[in-house]
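Generate coordinates for the entire structure from the input sequences, incorporating the hints supplied.
There are 4 protein chains.
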Amino acid sequence: MIVMRTNATEEEIAGAISYVENRGLRAHLSRGAERTVIGIVGDIRRVQKEAIETLPGVDHVVRISRPYKLASREFQPDNTEFNINGVRVGSNQILIIAGPCSVESREQLLETAHAVREAGGHALRGGAFKPRTSPYAFQGMGEAGLEILAEARQITGLPIVTEVMAPEQVPLVAKHADVLQIGARNMQNYNLLHAVGQTERAVLLKRGMSATAEELLMASEYVLSNGNRRVILCERGIRTFETATRNTTDINAVPVLKSQTHLPVFLDPSHSTGKTEYVTAIARAAVAAGADGLIVEIHPHPEDAVSDGAQSMRPEQFADMVRQVKAIAEAIGRTVPEHKREIA
Amino acid sequence: MIVMRTNATEEEIAGAISYVENRGLRAHLSRGAERTVIGIVGDIRRVQKEAIETLPGVDHVVRISRPYKLASREFQPDNTEFNINGVRVGSNQILIIAGPCSVESREQLLETAHAVREAGGHALRGGAFKPRTSPYAFQGMGEAGLEILAEARQITGLPIVTEVMAPEQVPLVAKHADVLQIGARNMQNYNLLHAVGQTERAVLLKRGMSATAEELLMASEYVLSNGNRRVILCERGIRTFETATRNTTDINAVPVLKSQTHLPVFLDPSHSTGKTEYVTAIARAAVAAGADGLIVEIHPHPEDAVSDGAQSMRPEQFADMVRQVKAIAEAIGRTVPEHKREIA
Amino acid sequence: MIVMRTNATEEEIAGAISYVENRGLRAHLSRGAERTVIGIVGDIRRVQKEAIETLPGVDHVVRISRPYKLASREFQPDNTEFNINGVRVGSNQILIIAGPCSVESREQLLETAHAVREAGGHALRGGAFKPRTSPYAFQGMGEAGLEILAEARQITGLPIVTEVMAPEQVPLVAKHADVLQIGARNMQNYNLLHAVGQTERAVLLKRGMSATAEELLMASEYVLSNGNRRVILCERGIRTFETATRNTTDINAVPVLKSQTHLPVFLDPSHSTGKTEYVTAIARAAVAAGADGLIVEIHPHPEDAVSDGAQSMRPEQFADMVRQVKAIAEAIGRTVPEHKREIA
Amino acid sequence: MIVMRTNATEEEIAGAISYVENRGLRAHLSRGAERTVIGIVGDIRRVQKEAIETLPGVDHVVRISRPYKLASREFQPDNTEFNINGVRVGSNQILIIAGPCSVESREQLLETAHAVREAGGHALRGGAFKPRTSPYAFQGMGEAGLEILAEARQITGLPIVTEVMAPEQVPLVAKHADVLQIGARNMQNYNLLHAVGQTERAVLLKRGMSATAEELLMASEYVLSNGNRRVILCERGIRTFETATRNTTDINAVPVLKSQTHLPVFLDPSHSTGKTEYVTAIARAAVAAGADGLIVEIHPHPEDAVSDGAQSMRPEQFADMVRQVKAIAEAIGRTVPEHKREIA
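Residue numbers (this note's numbering), protein chains in the order written: chain A, 1 to 344; chain B, 1 to 344; chain C, 1 to 344; chain D, 1 to 344.
Quick caveat, the hints were computed from the structure, so don't treat them as lab data. For glycine and all other residues, C-beta sits at the position ideal for the given N, C-alpha and C. Watch out, some of these pointers could steer you wrong.
[Unchecked claim] In silico DSS-like pairs for lysine-lysine, Cα to Cα no more than 25 Å straight-line:
#	chain 1	residue 1	chain 2	residue 2
1	A	Lys-49	A	Lys-69
2	C	Lys-49	C	Lys-69
3	B	Lys-326	A	Lys-326
4	B	Lys-49	B	Lys-69
5	D	Lys-326	C	Lys-326
6	D	Lys-69	D	Lys-49
[As the list claims (entries may be wrong)] Pulled from the structure, derived: some chain B residues nowhere near chain C, Cβ distances all over 12 Å:
#	residue
7	Glu-11
8	Glu-34
9	Ile-64
10	Gly-86
11	Glu-147
12	Ala-174
13	Lys-175
14	Ala-184
15	Thr-199
16	Glu-200
17	Arg-239
18	His-262
19	Arg-334
[Unchecked claim] Covered stretches of chain D (chain B as the covering partner; in silico rule of three or more C-beta atoms under 8 Å from a C-beta of chain B):
#	region
20	62-68
21	234-242
What follows is the structure in structure tokens.
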């Protein structure tokens with residue numbers, strides 16, 4: 001939809017029409033009292049919005065169709081559902097993933113894994129490769145961390161969710177993990193999205209801290225269009241002017257995404273608040289708003305955590321959160337499932 | 001707390017200390033490996049943070065004590081509770097205020113008021129004076145609108161919440177309304193805050209669209225310090241880069257405010273989303289996060305509304321929202337009260 | 001321009017067309033491959049964008065014409081120029097307004113006024129009524145401050161720019177001042193905009209800290225449509241996530257506003273940075289970007305300022321800034337005028 | 001600097017002190033009227049800010065020392081200067097890099113390269129690997145594009161600036177390019193920063209669209225700490241609520257970065273505005289604010305550009321921009337150098 005300037009000449013209008021028609025599209029002219037508008041009919045991927053805006057007499061171009069396809073509810077009306085190592089995602093059941101920010105040691109991780117399982121969590125998170133703002137901060141245990149995660153799955157039966165940071169790490173991480181997490185800073189790392197799109201592992205895609213909901217959907221389209229349909233979207237807080245919390249939880253994104261896409265939508269109340277004392281309230285809010293799952297940070301001894309201590313719950317706080325989330329889930333006709341497996 | 005530059009000289013350190021001591025305060029020197037820090041002990045309102053930052057050798061000043069007092073939980077640990085025409089605010093009960101954006105006619109308002117009452121709403125909102133972005137848009141019915149609101153209270157028993165836009169309107173609006181609403185655009189209209197602080201009417205203070213939670217508390221301090229302790233804070237969405245919704249609901253603000261202040265905290269899911277289809281989900285989330293009440297826009301015929309049609313629920317949608325919010329309230333051990341009054 | 005949903009039925013399309021035509025407007029149908037679009041032709045103020053969005057089958061509505069008129073370059077192609085007590089605004093000459101944040105005493109103001117004049121400033125700013133975040137902070141000298149400002153004009157010949165905060169203050173402030181300043185927090189205080197629109201004083205309208213350029217133009221439309229055509233727009237920094245500076249100077253707003261409106265555009269580098277050390281660089285940038293004037297904070301003794309000390313220049317810093325700004329002005333073919341008046 | 005809660009007990013204060021001392025650091029106690037503060041003296045990398053915030057009685061922790069070192073002016077007071085294929089960066093001379101968003105063909109690139117050279121540009125930019133929001137958009141010519149860029153250097157003598165998107169592309173891109181560009185979306189792609197930090201090519205590091213100036217410096221620290229000291233920082237606009245321009249140019253970042261780091265600071269007025277009509281004004285502003293260089297998008301036929309057409313200047317617009325920027329540079333005592341090389 002090309003909006004012409006109010007003072008556009010007939011010649012400029014004709015020029016814009018020719019531009020469209022020369023590219024194999026049809027132009028549809030509409031003259032208003034103030035402005036003339038030209039609709040473009042056909043496959044608009046043949047023209048560039050920005051290029052049209054450079055034509056003389058053109059004020060701006062309004063895009064009317066959505067830029068993503070595979071992720072849209074129009075393409076697939078029913079919710080995407082799938083299993084992760086026996087756990088169902090995207091159904092009426094609400095899933096809770098928990099664990100430490102970083103894998104720090106075998107002891108720390110196993111202690112946490114047992115706590116997750118006992119409290120009613122369904123999957124274990126933990127970072128082996130860590131994106132850190134400072135090059136001098138702990139960067140994760142790497143492969144050794146992945147092996148500890150795999151051992152924790154062996155012992156507790158909990159599927160493993162862990163971050164992958166670069167295309168060349170994908171085969172290694174995919175070998176050990178059940179879900180490949182793409183961190184907020186990498187939401188538009190397209191080479192990485194391509195790489196995980198070609199694996200058979202589910203992908204948990206975190207929203208970038210200044211990405212719109214639409215851009216998150218476009219990022220998921222990179223994974224989907226590479227053949228991997230098992231994508232979980234995750235709201236984790238956006239960056240705003242507010243400094244009372246680490247990020248601002250965009251709770252609106254939950255119903256917005258649920259209405260626009262069939263993919264499951266999770267929320268991370270630990271990163272979206274940055275403070276333990278607010279995590280339970282936001283976890284309740286997320287489920288009330290329609291989220292399909294949660295991913296939270298817990299640590300047996302937050303004061304000793306090498307990263308994210310301020311937003312990590314203690315196991316007993318987490319157990320209490322699970323109880324509260326269950327009550328909310330039931331109030332809206334959903335459930336938080338019990339475990340069906342035994343400890344190996 | 002004055003943080004000196006790493007290369008500050010002894011003379012500059014001595015200068016900063018003198019500056020503090022000359023103003024009747026005590027300075028407390030602390031030398032770190034990299035930097036020297038000077039604590040200021042005493043009534044810091046005698047010095048200006050900004051002024052100190054102009055002194056030679058000073059890098060910046062960090063404020064440690066909170067800038068508000070009467071609004072803080074440290075000043076008053078227990079929740080503020082009060083009655084509005086028979087309705088209890090700030091207690092374990094959750095309050096629902098509803099009504100049209102603008103009072104458009106007697107018929108429209110009375111029809112809406114009955115719908116609010118039947119659906120289980122506890123107070124009626126409606127604008128007689130409207131802040132509009134455009135000088136050419138409908139600016140409200142003014143005093144005639146206030147009289148219609150008062151009649152609706154007479155008939156339905158619902159207390160009235162309505163906006164006041166200027167100090168000189170305060171006596172008139174206070175004559176008709178039970179709660180004086182301060183709109184987001186006026187959150188830092190200090191003359192208006194003074195004026196409502198001197199009335200005996202409760203005040204519903206909306207957060208400015210780019211105000212921090214702390215600034216909202218500072219604005220409430222203007223009302224409180226004028227002697228009016230009946231203040232309701234209201235989150236109504238903040239302005240961010242996201243365009244999928246009209247504003248971004250800052251759901252974090254609910255637990256943040258509840259931890260920092262004793263004042264009741266409400267949320268307006270109509271303005272914070274801007275789209276009817278998301279209002280119920282965000283109303284549920286607000287209550288799940290700990291909000292003490294909701295204020296929502298409803299209209300018997302949204303397609304004919306003179307303002308805010310896209311975010312106004314139909315009465316039957318509102319009734320459904322009330323039912324869902326009740327379920328959430330009960331899940332967290334709170335209630336949405338039934339009406340105790342009869343129609344006059 | 002009504003954009004229908006992809007799955008809109010023929011009945012829904014017909015319904016939307018009837019809606020438009022029933023309000024005396026013409027509907028213009030355009031069927032695309034994916035979506036149907038209905039153009040609205042006529043005076044669109046008869047319909048509400050939001051109301052149409054509630055109709056069944058409607059996805060969203062795109063506004064194509066601008067919502068402001070008197071402020072637009074389409075309405076008046078030539079720049080607005082006017083005199084303020086002998087000083088020309090909006091011409092090829094660049095104007096510099098300077099002075100303290102607050103009038104603190106006769107001595108402080110007169111000392112500053114002389115410094116402004118000597119350094120080559122063209123008008124004197126100073127606050128008598130101060131909007132302060134805290135009710136406990138200094139709120140300005142009020143009428144006594146206005147009288148000191150008037151005396152400073154008498155002595156130095158500099159026109160006076162000072163803030164007005166409430167409609168009832170307008171007559172008093174207009175009696176003493178040459179330019180009525182509307183502060184950022186009051187940009188959408190519509191009662192105040194109405195009141196200053198009915199005076200004969202020029203108005204310096206500061207952009208709200210989260211207002212778009214379009215909203216600033218809409219606010220100016222309130223003043224213009226009340227008959228006052230002497231409006232200066234002023235960029236003063238917007239609120240973003242960046243904390244290195246007090247606000248983020250939206251330098252883009254300078255060419256954006258200059259292309260969309262005929263009104264003069266100023267920039268306030270003191271508030272837009274919040275730190276003296278950056279003021280000169282941003283003053284140069286503003287003029288390089290096309291600003292018609294600057295308003296800066298200076299104080300003879302910033303370390304003693306009761307407000308805004310950290311962003312107030314000393315007189316000698318200001319004099320240096322004026323020299324640098326002159327060089328930039330000349331590089332782009334503009335001038336910073338010398339004084340033509342003598343001290344009384 | 002640990003700030004205790006106002007109601008912290010003696011036991012909690014003692015606990016926080018022990019925590020610090022047990023980690024080999026010294027604690028420095030300071031009791032205020034309202035609050036107690038504990039300074040931490042020693043290598044604070046041994047403790048986690050977040051972990052301390054979980055201790056009982058602790059309100060929050062304030063960091064006083066900067067988190068980056070090699071990038072800071074305190075570490076290196078003098079500006080970093082270096083040559084890129086005969087062109088000096090970081091000196092008193094201002095550098096202009098120009099070229100198309102994408103390399104589209106040999107003809108397009110060579111035509112543009114000649115235009116850059118003739119207009120007085122100093123280096124040629126052009127993308128061979130393109131980060132695109134949509135997986136369906138043109139993703140760049142890849143290696144063939146790099147070869148065309150190398151040929152353009154051969155012919156015009158202009159050094160080549162081109163983006164690298166993934167660690168595994170680094171050797172290939174480094175083989176052909178003089179400057180490796182890290183795009184805004186990859187500013188915190190730490191694996192990529194490591195990889196370019198180990199090459200001998202200069203790096204142009206673009207600020208992420210929601211990154212603070214400090215985070216940009218932290219990202220540069222990743223490159224510097226890997227041994228590569230030839231880093232150029234580039235402001236390219238940040239994401240805000242304003243929609244009149246594609247991004248908001250953070251002009252403040254120029255003096256902020258210049259005061260905090262010795263690295264050269266460039267600005268990209270094409271991305272920071274998104275509209276050709278504003279590029280020249282912002283280019284002038286950037287140089288007036290103290291930028292050391294510019295990177296701009298030009299295209300011989302913007303209406304045919306496969307990407308970023310709306311913000312690409314035509315060659316004659318670019319030549320005019322260079323002339324205007326020269327005048328600004330001279331006004332502040334800097335120069336835009338002429339070419340010293342002949343066409344091969």
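Each hint tested on the structure:
1. Straight-line distance between C-alpha atoms of A:Lys-49 and A:Lys-69 comes to about 18 Å, which keeps the hinted pair within the 25 Å bound.
2. A threshold of 25 Å between alpha carbons decides the hint, and for C:Lys-49 with C:Lys-69 the separation of about 18 Å falls inside it, so the pair holds.
3. The hinted pair formed by B:Lys-326 and A:Lys-326 meets the criterion: a straight-line CA distance of about 16 Å does not exceed 25 Å.
4. The hinted pair formed by B:Lys-49 and B:Lys-69 meets the criterion: a straight-line CA distance of about 18 Å does not exceed 25 Å.
5. Our distance criterion of 25 Å between C-alpha atoms is met by D:Lys-326 and C:Lys-326, whose separation comes to about 16 Å.
6. With a CA separation close to 18 Å, the supplied pair D:Lys-69 and D:Lys-49 stays within the 25 Å bound.
7. Residue placement check: B:Glu-11 keeps its beta carbon more than 12 Å from all beta carbons of chain C (closest about 15 Å).
8. With 12 Å as the threshold on Cβ separation, the claim that B:Glu-34 sits away from chain C holds: the shortest Cβ distance comes to roughly 19 Å.
9. With a least beta-carbon separation of about 16 Å from chain C, B:Ile-64 lies farther than 12 Å from that chain, consistent with its non-interface assignment.
10. Residue-level check passed: B:Gly-86 sits 31 Å from the nearest beta carbon of chain C, beyond 12 Å.
11. Under the 12 Å C-beta cut-off, the non-interface status given to B:Glu-147 relative to chain C holds; the minimum distance is some 20 Å.
12. Once the 12 Å rule is applied to beta carbons, B:Ala-174 is consistent with being away from chain C; the minimum gap is 16 Å.
13. Remark: the non-interface label on B:Lys-175 is consistent with the geometry, its nearest Cβ contact in chain C lying 18 Å away (cut-off 12 Å).
14. Its beta-carbon lying about 9 Å from the closest one in chain C, B:Ala-184 breaks the requirement of being farther than 12 Å from that chain.
15. Against chain C, the non-interface label of B:Thr-199 holds: every CB pair exceeds 12 Å, the least being about 16 Å.
16. Consistency note on B:Glu-200: stated as away from chain C, and its beta-carbon is indeed over 12 Å from all of that chain's, at 19 Å minimum.
17. In this structure B:Arg-239 is not separated from chain C by more than 12 Å, as the shortest Cβ-Cβ distance comes to only about 5 Å.
18. With a closest Cβ-Cβ approach of about 18 Å to chain C, B:His-262 is found to remain outside the 12 Å limit, as its non-interface label requires.
19. Chain C leaves B:Arg-334 outside its interface by the beta-carbon criterion, the shortest separation being 32 Å against a cut-off of 12 Å.
20. Remark: the region 62-68 of chain D is confirmed as covered by chain B, as 3 of its residues place a Cβ nearer than 8 Å to a Cβ of that chain, reaching the required three.
21. Counting residues of the region 234-242 of chain D whose beta carbon lies closer than 8 Å to any beta carbon of chain B gives 3, which reaches the threshold of three, so the coverage claim holds.
Consistency note: the structure conflicts with the earlier hints numbered 14, 17.
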